[in-house]
Every structure is written in structure tokens, then in C-alpha cells.
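Protein sequence lines correspond, in order, to chains W and S. Residue 27 is where the first sequence starts when you use this note's numbering, and the numbers rise one by one after that. Residue -3 is where the second sequence starts when you use this note's numbering, and the numbers rise one by one after that.
Don't read these hints as lab results, they were simulated from the structure. In this text the structure is predicted, and so the values were computed from the model without any measurement. Using N, Cα and C, we set each Cβ at its ideal position, and we do this for glycine too. It is possible that some hints are incorrect.
Claimed, not checked - The calculated EDC-like cross-link candidates involving lysine to aspartate or glutamate, where the alpha carbons are at most 16 Å apart (straight line), are:
1. W:134 / S:129
2. S:145 / W:217
3. W:134 / S:56
4. S:145 / W:223
5. S:134 / W:165
6. S:132 / W:135
7. W:107 / W:138
8. S:134 / W:135
9. W:203 / W:138
10. S:145 / W:222
To be verified - Chain W is faced by these chain S residues, among others (derived, beta-carbon under 8 Å):
11. 86
12. 88
13. 113
Read off the chains here:
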Amino acid sequence: MSRIGKLQWVLLCFLGIAIVMTATAVTVHGQAVDFQKNIFPVGTLKPTDSILRVKIGDRAPNFSLPGVEGGRVSLGQYLGKRNVVISFVPAAWTPVCSDQWPGYQIAKDFFDKNNAILIGITVDNIPTLYSWTRQMSSEKLWFPVVSDFYPHGAVASAYGVLRSDGTAERALFVVDKKGIIRYIDVHNINERPPLEDLIHALEEVNKDRSVEVHPYIYSNSSCPR
Amino acid sequence: MPKGKIGVVLFAASAFLIFVCGGPFPESAPLCSFAYSSEPSGNNGIFPAFTLPVPKSDAERAYLGFSGTGPFDVRQIKAQVLIIEVFGAFCSHCHHAAPYVNEVYEAIEGRLDLKDQVKIIGVGMRSTPFEVDLFKEKLHVLFPLFADKDMVIEKLLSIDATPTFIGVKINKDGSQERFYFRRGPFENASQFLSEIIRLSGIAQEAK
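Kindly produce the complete structure, drawing on both the sequences and the hints.
In C-alpha cells form, the structure reads like this:
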């Protein structure tokens, strides 16, 4: 190997190391900040924009939707086994939703204590949900996230939480082990539902007691029921 | 192109890359905005006063220098420098940042020259007390946290992202000034603390 050749190898190695180190730094340090940058600024939206098609005491419409982790997730698979919280959020990469499910990620204990599972639903397709949820937490989400993309928003529509622009409401439904809807919170889309309200509802449902619904939950709804 | 020149070009390209992006140390490289977009020392100026509830925990009351109950003025915290982390209890970046902020707290508490001079508090933006307590428990946060469900402090401090870190200098005459403002998390606790010490001027005063 000539002297120039050796010099080139050294320089190439140096360049390689520099690129790897820089790329690592960009990835590690930039990821969290970039994630926030990637959130689409939606502004303030009409608090609710749909008409509920179910009410407390109804049998929850069953569904079977493709999950981000592969396979399908159905409401029926938990029948007789677990209470189910269905969390509709408007869309991936939007402000409040991006701060809602990461919170449920650290609240798993409360769901476990109340024999409950959470199913996260949006009207986005699987690739979008995949990239969105992957950046939500350094750990895999403990609950299934499913896609109500095609036929578009069919499940959201069945529950009456599909908005006129094709996104979903920010809505929570608690379905007991018998498949009955016990709690509904069609929340102001611009705000995140307080965790304690959901936990309280879960505790009551798990004790098979009726849930007192906060007046504000329906105050902005198009269809108080 | 001759082989020697290729090497020189590669060397120049790598040097440029490291210069612009700071290589593995983006905190020292404000030019590389795509890698690091925080503003470590911007937005200096007058710090608005606000009140917080006195913590229930004896240890936290002692840490802040209070013995009573009821709300307290943030300017009454016994410290020369106050670091405020504005976080969201449900914000994944804040979850990620938590161990590094704890590292800063432990570094301060481990240094006799800083222990009673520099304090940290966290304010949970748009978070209920229940959610803040959950955040504290799950992320093992070591310093006092407060909830700002109604966005009062968020608006006062002009916060538009979480986590945001604010450094406030409390002068002997009771006046306060903001000397540090940073949007976004950090992963180098010692560098963050060095920056706080340097920009606050607390080290020079101690001498």
C-alpha cells in the first residue's frame, strides 16, 4: 500500500467515524425535539362535531380492526374477561393526542387494578400509526393501537364520534365485561380528558356501580343523551 | 481527481460536518438547528411572580425553605438560583428528560457550594394534581412538583413547548431575573448544570 493510500484510508476512517458520531447525535438529541416539531398545529377546533349513536347501558358495537403490531384486535375478544376502555383520538400527529396516549403509558397500574385493557383507535392508516406511536415512547406501548382507516371511520361512525372532516372525536368509552357501555366522555377535542375522571369511572365499573358522569362531559356535545 | 486530493476533500468535508453540527456534542453547536433547536440562554429579562401551594411533604417544605401552609410566592424560595422545569405529566419528552433532570438535582445536592444556593421545582403544564403525582411517582422525580392545570403559569412564562427549562436568579434585594430559557430536553446533565452556573454568575459571587 502506498503512503498516499494509507493517508486516504486514515482520512476515510476519520470521515466514517465523524458521520456515524454526528448521525448518532442527531438521532439521539434531535429525536425528541423533532417529534414536537412534527406535530401539526391544528389550532382551536369546534369542541365536538358529531352525534352520538350509543348511550350508557347500550351494548357496545363490536369491531375488529387491524393493529399496529399486526393481526386484528376486536372488542369481542375481551368479552367476559376484561373491562375495556376505548380511546378514540382525532388523528395522528396532532397536538393533544400526542400527549394523551403517552400518559396512559405510565398509568398502566390503574388499568391493571381495575381489570381493564385500553384500545387506542384513530382513523389513520397503519403506517402512519406505526411511525407516530414509535416516537411516542422509548418503550413499546402496553396497549393495542388499531386503525379505523378503511372503510374510513366505520367504527367511529358506529359509535357516533366521526366528525364531519373525517377525523374522530376525542372520546372515551368504558365497556364492561358484559359488553355494555358504562361511561362515555366525548371530550372537548382541544383538551385532554383528566386521567382521574377515567380512573374513577373504571373503579366504579369494576365494582359494578353506576358511574356519575361529570356535567361538562356532554356540555359541548352536539347530542346530549 | 488525484488520490491525494480525494483525501483532502474528504477531510475537509468531515471537518465541515463536525464544525456545523458539532459532531457528538450538539449542545455546543447552535448552528445545527435540525439537531438541536433549544435556546439555552435566550429570552432573558424580568421574571413574573406567581404563587404555588406549599408542598404537603416535610422534606419538600424544608427543601424550599418553608414551614407554614397555604400558597407561597415563588420569590420566597430560599435560593440564589431557581431552576424551573415546565413539563407535561403526559408528555413523552418530559418522561424521557426526567432521569437527566434528576441527575442535575443530585449533582446540586452533592455539592456543598451549590446545595443551598440552587433549587429545582417542576410545574406541570395543563396537568392535574393527580397526573402530576403520577408523573412524580412513575418517573421517580426527586424535587417538588406543582400542577398548573389552568395554564396560569404557562401563560405568565410564555411556554409553548414541554419540557422548557427556565433559570431565575433571585437577587438579595428580592428582585428576580430570568437568565436562562431552554425549549426541549437535554441529555447531558453536567453540561446543563455548568451552563446554569456560568450564566447565573453564582460561581463568581461565591468566590
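Cross-check of the supplied hints:
Among the hinted pairs, residue 134 of chain W with residue 129 of chain S is consistent with the structure: their alpha-carbon atoms are about 15 Å apart, no more than 16 Å. Annotation: proposed proximity of residue 145 of chain S to residue 217 of chain W holds, straight-line Cα distance about 11 Å (limit 16 Å). As the CA atoms of residue 134 of chain W and residue 56 of chain S are separated by approximately 27 Å, the hinted pair breaks the 16 Å bound. Using a Cα cut-off of 16 Å, the hinted pair residue 145 of chain S and residue 223 of chain W holds, with the two alpha carbons roughly 14 Å apart.
A distance of roughly 14 Å separates the Cα atoms of residue 134 of chain S and residue 165 of chain W; the hinted pair therefore holds under the 16 Å criterion. For the suggested pair residue 132 of chain S and residue 135 of chain W, the alpha carbons sit about 14 Å apart, so the restraint of at most 16 Å is met. Under the criterion of a C-alpha separation no larger than 16 Å, the hint pairing residue 107 of chain W with residue 138 of chain W is consistent with the structure, at around 12 Å. Under the criterion of a C-alpha separation no larger than 16 Å, the hint pairing residue 134 of chain S with residue 135 of chain W is consistent with the structure, at around 10 Å.
The hinted pair formed by residue 203 of chain W and residue 138 of chain W meets the criterion: a straight-line CA distance of about 14 Å does not exceed 16 Å. Distance check on the hinted pair: residue 145 of chain S and residue 222 of chain W sit about 13 Å apart at the alpha-carbon level, within 16 Å; holds. For residue 86 of chain S, the interface hint holds, since its Cβ comes within 8 Å of a Cβ in chain W; the closest pair sits about 3 Å apart. Nearest Cβ of chain W to the Cβ of residue 88 of chain S: about 4 Å, under the 8 Å cut. The hint holds.
Because the closest C-beta pair between residue 113 of chain S and chain W is about 29 Å apart, greater than 8 Å, the hint is violated.
Checked against the numbered hints above, the structure breaks hints 3, 13 and satisfies the rest.
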